[in-house]
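**Student:** What the sequence shown shows, in my numbering, is residues 179 to 769, in sequence order.
Hints are computed from structural coordinates only; laboratory data are not their basis. Careful: at least some of the hints might be erroneous.
Heads up, simulated PhoX-like pairs for lysine-lysine below, C-alpha to C-alpha not over 20 Å straight-line [to be verified]:
no.	residue 1	residue 2
1	K453	K439
2	K521	K493
3	K531	K521
4	K755	K729
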Amino acid sequence: MDFTGVYHRTSEQMSYAQNENELVINLKTGYDVKQVFIHHGDPYDAGILGGNEVWHGKREEICFKKRLRHQLWWTTTLTPEYKRCKYYFELHTDGEVWYYLEDGFLTKEQLNMKGRILQFFIVPWMNPADVCRTPAWVNDTIWYQIFPDRFCNGTPELNTGDIRTWQSGPVRNEERYGGNLEGIRKKLPYLKELGITGIYLNPIMEAESNHKYDTKDYTKIDPDFGRLVQEAHEQGIKVMADAVFNHCGRRFAPWVDVLEKGEASPYADWFMVQKWPIPDKQADTRDGRFYSFAFADWMPKLNTNNEEVITYFCKICEDWIRDYDIDGIRFDVGNEVSHRFLKRIREHLHRIKPDIYLLGEIWHDAGPWLQGDEYDSVMNYPLMSGIHEYFLDKSLDKSEFEYMINRCYTMYMQQNNNVMFNLLDSHDTERLMNRFHDLDIFYQQLAVLFTMPGSPCIYYGTEIAMEGGFDPDCRRCMPWEEVGTEENQNRIEAVRTLIRLRKQEKALRSLYFHFPEEYPQRRCVEYIKIDSQGREIEVLLNCSEEKIKVKEGGEILFARNFSEGVLERNGTLVRRKKTSIWNTEDMENGA
179 MDFTGVYHRT SEQMSYAQNE NELVINLKTG YDVKQVFIHH GDPYDAGILG
229 GNEVWHGKRE EICFKKRLRH QLWWTTTLTP EYKRCKYYFE LHTDGEVWYY
279 LEDGFLTKEQ LNMKGRILQF FIVPWMNPAD VCRTPAWVND TIWYQIFPDR
329 FCNGTPELNT GDIRTWQSGP VRNEERYGGN LEGIRKKLPY LKELGITGIY
379 LNPIMEAESN HKYDTKDYTK IDPDFGRLVQ EAHEQGIKVM ADAVFNHCGR
429 RFAPWVDVLE KGEASPYADW FMVQKWPIPD KQADTRDGRF YSFAFADWMP
479 KLNTNNEEVI TYFCKICEDW IRDYDIDGIR FDVGNEVSHR FLKRIREHLH
529 RIKPDIYLLG EIWHDAGPWL QGDEYDSVMN YPLMSGIHEY FLDKSLDKSE
579 FEYMINRCYT MYMQQNNNVM FNLLDSHDTE RLMNRFHDLD IFYQQLAVLF
629 TMPGSPCIYY GTEIAMEGGF DPDCRRCMPW EEVGTEENQN RIEAVRTLIR
679 LRKQEKALRS LYFHFPEEYP QRRCVEYIKI DSQGREIEVL LNCSEEKIKV
729 KEGGEILFAR NFSEGVLERN GTLVRRKKTS IWNTEDMENG A
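Please model the complete structure; the sequences and the hints are all you need to start from.
**Tutor:** Below you can see the structure in the form of structure tokens.
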């Protein structure tokens, strides 16, 4: 057996309480392992621990597994009667049987050796306070990200001299076009008709730039914000604000005070200054005079280890909730603020609004931030990049798509997966349509977005396949004068259909999916989504250059380049399956 391929520990996403009663156990092995059993039971079944007891546990096969590129991911769900669990694994290859315990691998003879002190895996107690809990409403939400300055100018009559004429072409970073909260408010009916149930707003606090990631005053928000949130709620739309707590702008009052008074400033420890006095110059911070975001001297880094800073931002978030009733907070540069800071903020805000959604901007594996005491979710950039890579690299076969999806959904606990913030583009990336300039591939990727576990988000303009390169070109003005054209109305209807299906079909929101192998074509991607009642929806993507004859059966829910049973090149088919082999018990055991 390949021992190096086997991995388990009683922490993180490998062993965790899914709720107060259910314990999820996951195990990685190499492909040489063909069968896995788990022996489990209460640690005290054989008496008080100490080494003299003989403990065996109940033997059950782990039937469900996911394929990763080099390993298998085995998963099962147990219901420990007394909230405790002791367990070990029995691994079968073609010719060997090994027993996997916390301290390594044993043969059957070694396992049963008299006098041996066995180091089993142990979950001491499933404390309710330790269960990772995420807001239930998020999985049902369809997000729409808005970059305020470029979405809609609701008060053009109030334009000042620095506001440019609204236009649909390329833009520059420093340009202002006057998009505002009043413009967003006026477009709420448009968003509701599209099917949107959540708005993610880029920063709206007072700042110098158009993107507002250089906050000047965290307490100053357009007074129209309260009205916007209220009317959004009346339309059934949640609102999430963007919090820039990793750094501030150069006009933030405490930073101004530090620049004026140096070490004597009461705010000196609010920042990460390395050299006193701070040199009076405008240049990037590679010289080490103070830490800043991405070496930008106009965005000094806040010291989120400092107690006063923590207290200050707890109060800021509290005010946003109490004054405006926001539903979520997205933390910019969410991997650089301190864990202590995030734990305190979460605890504080949950006392005020228990179902507040806390989202971190993290582009990589975010396991340390998703343990139930910091973020609920992160922006799922690994999923975005994986989808992009598959459509970009034609050498990848359908198994690589499966490996990528399974990797993304074995990184975290199921509670986090259920509310993962899924996206295909944002204000920090080139736009989806810009990557391939192909509407067929565009809709294939959107079909994946709206059928994956989590909470899907589209960037403003995606509904009309809006183009734009990397920042700042991805932040073009929304071309409202073009929205009503027949071409764009057809595009909007396609996105509206996918949104409607996401809402109507529980299977599309479900955590459960598998990859059958019904088609031999190497780039014919097929996966099945399954709801808790075993109802199935099939997603079929022809990513090859050849036509694919599709097997009969099922109600067509969404199709593109599909006719008379043939899925053309870059075609998409989403349909309800007629029959199912799955049931509720299968779902509970990790399908």
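**Student:** Now tell me, hint by hint, if it's right for this structure.
**Tutor:** Status of each hint after checking the structure:
This hinted pair checks out: K453 and K439 have alpha carbons roughly 14 Å apart, not beyond 20 Å. Taking the CA atoms of K521 and K493, the gap is about 14 Å. The hint holds against a cut of 20 Å. Proposed proximity of K531 and K521 is supported: the alpha carbons are some 15 Å apart, at most 20 Å. Among the hinted pairs, K755 with K729 is consistent with the structure: their alpha-carbon atoms are about 11 Å apart, no more than 20 Å.
Against the hints set out earlier in the document, no violation occurs for any number.
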